[in-house]
Amino acid sequence: MSNNWDLLEVQELKTYFYTFDGIARAVEGVSFGLNKGETLGIVGESGSGKSVTALSVMRLIPEPPGRIVHGRILLNGNDILHIPMNEMRDIMGNRISMIFQEPMTSLNPLFTVGDQISGMFIRHMNLSKKESWNRSVEMLEKVQIPSPEKRAHDYPHQLSGGMRQRVMIAMALSCDPEMLIADEPTTALDVTIQAQVLDLMLQLKEDFGASILMITHDLAVIAEIAQRVIVMYAGRVVEEGDVFTIFENPMHPYTRALLKSIPKLGNRSKSGREPLHVIKGIVPSLYNLPAGCSFYPRCPEAMDICKTDPIEIVELEENHRVRCSLYSPN
Amino acid sequence: MKDTIRKLKKRPSLVVGFCITLMVILMALFAPVLAPYHPIDDADLMVSEEAPSRAFWFGTDSQGRDILSRIIFGARISLIVGLVSQLLNSIIGIVLGLTAGFLGKWWDDLVMGLTNIMMSIPSLVFALAIMALLGPGLINVLLALGFTNWSYTCRITRSQVLSTRELNYVKAAEALGYGKIRIMFTQVLPNIMGPILVIATLGAAGAILIEAALSFLGLGTQPPTPSWGGMLATAREQLFSAPWISIFPGIAIFITVLGLNLFGDGLRDFLDPRTSRRQ
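Sequences listed follow chains E and P, in order. For what it's worth, our numbering labels the leading residue of the first sequence as 1, then goes sequentially. For what it's worth, our numbering labels the leading residue of the second sequence as 331, then goes sequentially.
Hints should not be assumed to be uniformly reliable.
Lysine to aspartate or glutamate pairs mimicking EDC-like chemistry, simulated, CA-CA at most 16 angstroms apart [as the list claims (entries may be wrong)]:
(1) P:435 to E:63
(2) P:510 to E:87
(3) P:510 to E:90
Keep in mind the hints are simulated off the structure, nothing from the lab.
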């Protein structure tokens, strides 16, 4: 696409894992971009490569066995994939931050949450201990933790899951990053807490002016928070577009199937409950991807050419791209 | 404070172990005040091999020296050996284990190879060999024990590092821009201190035993300096005629080693906020 992304641009990213069983092509040529202040959602099943994409951007791929074999990652036009790791560490947590799925285990059990947030100010801003502590209390207040002065002295095990995720968000946003990568931030939380945390993230996005890269398998979360969506399948982007287009007019058979498999409340037919739609089969093995479209074995609309021909992603309308033979020009 | 006391009440082994260890430490510190006689100079052949009595609580040895006084002074040697040599071992083991687990690659292979070699040689034999090279004496005992017993600490540290570095908070720290060294010392090391401390107390107890064995074999502390192992060695010949000469130093070793072990076990549970929360 000819768009000029003004914050992050990922071009033809390929991340492979070299294991005894062969090469797992976890990310196979993913390109996307992110503008300032925008929220981009990446959806996909387990094993679709969405988390590996995020970890690649942060250069957190465990090496060995993993390796980013190809691609460019530009932050404000500067390549961050090939700079030395110590320069990258000044960017991590400072300009790009990340929060993880497991709030229960993402905090160090031996330090108070105040100390852990303070660490960010000490690391990236060279603030004094006292100043850092005061800023930490401010951050706790911003993530809406009640009586932050007192809570700053708490250890992680004294907090609930939702509170811990708020602390993680406070840590991630403490140095005012330009971009926040959230890898399934609400998956481990109760539904009510999920909504609170998502609201909080949206509000903080406004306050801090940060862009969000939201990785999730939960389409409801995407609908709630994202402006644009990327649907990933077996390491490739299969559909990309703004959130309304994707939800109202999904083009790729996989996206359609994914949307159909959302359970709906109160959706009953005469014979009782309507059975939930499932996508038959499983995500193909990353060691041995089909030659053509990776979704071909599960696709209800598969054709012969899907089996063999590599399929290019095409732009159907503005801001809506699909990788499927149904829409290929030839 | 109240909370701490409540937690301590649930851990009698920690309290007992701590009291015993503290007692031995105080005994060593205040030896000149506590000992009723001088351990070396107050030798009186007129009262040699006396059974325990009101004048000599633990009896006297073949040269008429008060055994209680010698045990009190002997605590100094045992404690110095136990603590200093284990401190050396812990430092070597932690540094090697931490870097091996964290940096991996050829350094890990090298350290683990070295550790396996150290483990394959019985530490007493190793210490004996070094003592034979260096000659007898307290400093040499410290060196011999301080450089031969780090393999367990190293192993445990490395394996703990390998599992801890996969934990989410270590990954989160990485994602938030913390460097390797910082993560090693602020995220990983504090969280694996529990097992290392336990190994350290066991190691200190082991070092006391080995020092006793070395002294028993004549390679450790040299007479007339009182050490528990040395006392046992000289008491060998009177084992049946005057058993108290060997029994009391033996009990001293036993109680000290027991105290350290109890203390180590209790400490591990006490320090870990996760285990204290469960109860």
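Verification of the supplied hints:
1. P:435 to E:63: Holds. Residue 435 of chain P to residue 63 of chain E sits at ~11 angstroms (cutoff 16 angstroms).
2. P:510 to E:87: 13 angstroms, holds
3. P:510 to E:90: The given pair, whose Cα atoms are some 13 angstroms apart, holds under the 16 angstroms limit.
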